[in-house]
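Q: Here is what each chain is made of, one letter per residue.
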Amino acid sequence: MYSIGDPRRIDPWIGVLVALVGVPLSAGFLFMLAYSTGLVGLLAHGFTLAAWRRMLTDPHTWVAIGFSFWIGAASLGASLICAFAVHAVRAARPTAPTVPSLTPWHLPLAAPPLAAALLALDLFGNTGLVARIAHALGWLSRPQDFPSPIYARSGLGIILTQAALVTPFLVLLFERLARNERVAELADAAHTLGASGTQVLLRVRLPVLLHAAMPALSVYFLALSGAFEVPLLVGAQYPPMFSVSIWRSFARFDLSTRPVAFALASFYALLSAALLFALFAARRRRESRERTA
Amino acid sequence: MIRRVGSVLRWLVVWLPIGLLGLWSVTRRWPWPALLPTQWQLSAWSDVLGTAGLGPTVLRSVAISTTVALGASIAGFLTSRSAARHARREGLYVFLHLPFVISPVVLGVSLDYLFLRLGVAERAAGVILGQGIVAYAYAVILLSGFWNERIRAFADGAATLGATGLQVWTRVLWPIARPLLAVCLLQTFLISWFDYALVLLIGGGRVVTLTTALYQYFASGDVRLAAACALLLVAPPLLALALHRYPRSTTLIDGWPH
Numbered sequence: 001m002y003s004i005g006d007p008r009r010i011d012p013w014i015g016v017l018v019a020l021v022g023v024p025l026s027a028g029f030l031f032m033l034a035y036s037t038g039l040v041g042l043l044a045h046g047f048t049l050a051a052w053r054r055m056l057t058d059p060h061t062w063v064a065i066g067f068s069f070w071i072g073a074a075s076l077g078a079s080l081i082c083a084f085a086v087h088a089v090r091a092a093r094p095t096a097p098t099v100p101s102l103t104p105w106h107l108p109l110a111a112p113p114l115a116a117a118l119l120a121l122d123l124f125g126n127t128g129l130v131a132r133i134a135h136a137l138g139w140l141s142r143p144q145d146f147p148s149p150i151y152a153r154s155g156l157g158i159i160l161t162q163a164a165l166v167t168p169f170l171v172l173l174f175e176r177l178a179r180n181e182r183v184a185e186l187a188d189a190a191h192t193l194g195a196s197g198t199q200v201l202l203r204v205r206l207p208v209l210l211h212a213a214m215p216a217l218s219v220y221f222l223a224l225s226g227a228f229e230v231p232l233l234v235g236a237q238y239p240p241m242f243s244v245s246i247w248r249s250f251a252r253f254d255l256s257t258r259p260v261a262f263a264l265a266s267f268y269a270l271l272s273a274a275l276l277f278a279l280f281a282a283r284r285r286r287e288s289r290e291r292t293a
Numbered sequence: 001m002i003r004r005v006g007s008v009l010r011w012l013v014v015w016l017p018i019g020l021l022g023l024w025s026v027t028r029r030w031p032w033p034a035l036l037p038t039q040w041q042l043s044a045w046s047d048v049l050g051t052a053g054l055g056p057t058v059l060r061s062v063a064i065s066t067t068v069a070l071g072a073s074i075a076g077f078l079t080s081r082s083a084a085r086h087a088r089r090e091g092l093y094v095f096l097h098l099p100f101v102i103s104p105v106v107l108g109v110s111l112d113y114l115f116l117r118l119g120v121a122e123r124a125a126g127v128i129l130g131q132g133i134v135a136y137a138y139a140v141i142l143l144s145g146f147w148n149e150r151i152r153a154f155a156d157g158a159a160t161l162g163a164t165g166l167q168v169w170t171r172v173l174w175p176i177a178r179p180l181l182a183v184c185l186l187q188t189f190l191i192s193w194f195d196y197a198l199v200l201l202i203g204g205g206r207v208v209t210l211t212t213a214l215y216q217y218f219a220s221g222d223v224r225l226a227a228a229c230a231l232l233l234v235a236p237p238l239l240a241l242a243l244h245r246y247p248r249s250t251t252l253i254d255g256w257p258h
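Going down the list, the protein sequences come from chains A and B.
The opening position of the first sequence corresponds to residue 1 in the numbering used here, with each subsequent residue numbered one higher.
The opening position of the second sequence corresponds to residue 1 in the numbering used here, with each subsequent residue numbered one higher.
Some hints could be false.
[To be verified] Listed next, with one range per pair, are the computed distances between beta-carbon atoms: (1) B/46 - A/60: 41 to 47 Å; (2) A/73 - B/10: 26 to 32 Å; (3) B/167 - A/15: 21 to 27 Å.
Hints listed in this document are in silico derivations from the structure and should not be mistaken for laboratory results.
Cβ coordinates follow ideal geometry from the N, Cα and C atoms, glycine included.
Work out the full structure: start from the sequences and follow the hints.
A: Structure representation (structure tokens):
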């Protein structure tokens, strides 16, 4: 009933999957390539790589892509630090508490990115609640004096908001992985062998959890780098994340910018897919090495 | 003492964001540097809940998300069995992660032309199809973990005892899968409910959901209505959290299924 299928025989449900996911994704990608190379579109005059040349030689392209990956890495890094801190605090308790029905770790799971961005503005904007509290405490006199992370060119507002959204997922992920990987037993063994509390945290818990979480973290990194709503609401005009940059090109009435926007979108799709496949291949190689060892 | 401070902090972290949105939604004037609004009003809520307001938008959002969730969960359950026993399942799972890593904006602009040709662009059907791609891929990844050795033993046991194929599905597999399917239904509902980029790009401004309405209110400077919209968006998942412990086996958490 569950025997491994013959790859040459097309399973009807795999056919449905290919038709509903594979075909639209491939057709969409081919369309973007065709539009960016002048093969289709209102301004198409035959095959040309002009839009690709413009996109690749424009420094803003590399700023947008570099900024997107910086935001992805920084958001994930901040979430990892918070989630591991929560894991460490929970691990230090003599008995693991059962999670009540509504905890701070769960709440951001219920928040769409747009609502989270709106909250970030209400809390950390120049006239947000934190600035008002700081004024009431006598720490500042004017809204401009508040060092707001919102619209900061460093992307701090985006990083904080995305980290707040992702941390609960990582807390739950670490909780599950710690059970699966028997981290508590490994930590006990390390304690018995004379390791200090810090050594157990940094040399046992952290590497085991990071190793087990790596596939999920890779997907998170790429998803955070391609986020749209949060940078749209709390990001600075410049530098833009590439998703916002593409959207701005499409929102313009000037059709001449579209081939370049499609070239950028195709380039990013290729880059993300290549990274995903590379991470997957690296994981397979590592697992096969571990099996051999 | 430390425990009490911890409890207060926890309570603040949970309720401050919701309270702040609630406060903004009933604010008339909140000048700097007042800590609380100086004038109040309920007009945002009468605007939001009135028939001329967001009522149709809420209904449209619920209809789109419910359709996406039901379609993706049912198709995902049936497909996940085939995916789990497929000879090249690892490659298949990597491929299924593509909709999540290529950014919703890239996905939206890439689908635009195809959907125009299919005649579903700027229509709710197009938004459902676009979100369905992501939700269906997600459902297959999530539900593939269900088809393990234990389930195989149950199904084979039932078949050996004379159950027909249909009975194996309805009397064995369905009851065991029900909790995971409920998780899948909620998660795929939220994928659609939280989506802004695909509604914006495929819906082209003609399909208005709660997320696009929230952005429109925000962009026009009406924070009261934007906050009311945000509360409406948060309400269903928050209700699910409050009524039931949130499902912990979320899939993007798991990464590739094993």
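Q: Each hint should be assessed against the structure and marked as holding or not.
A: Status of each hint after checking the structure:
| no. | hint | verdict |
| --- | --- | --- |
| 1 | B/46 - A/60: 41 to 47 Å | holds (45 Å) |
| 2 | A/73 - B/10: 26 to 32 Å | holds (29 Å) |
| 3 | B/167 - A/15: 21 to 27 Å | holds (26 Å) |
In the structure shown, no violation is registered for any of the earlier numbered hints.
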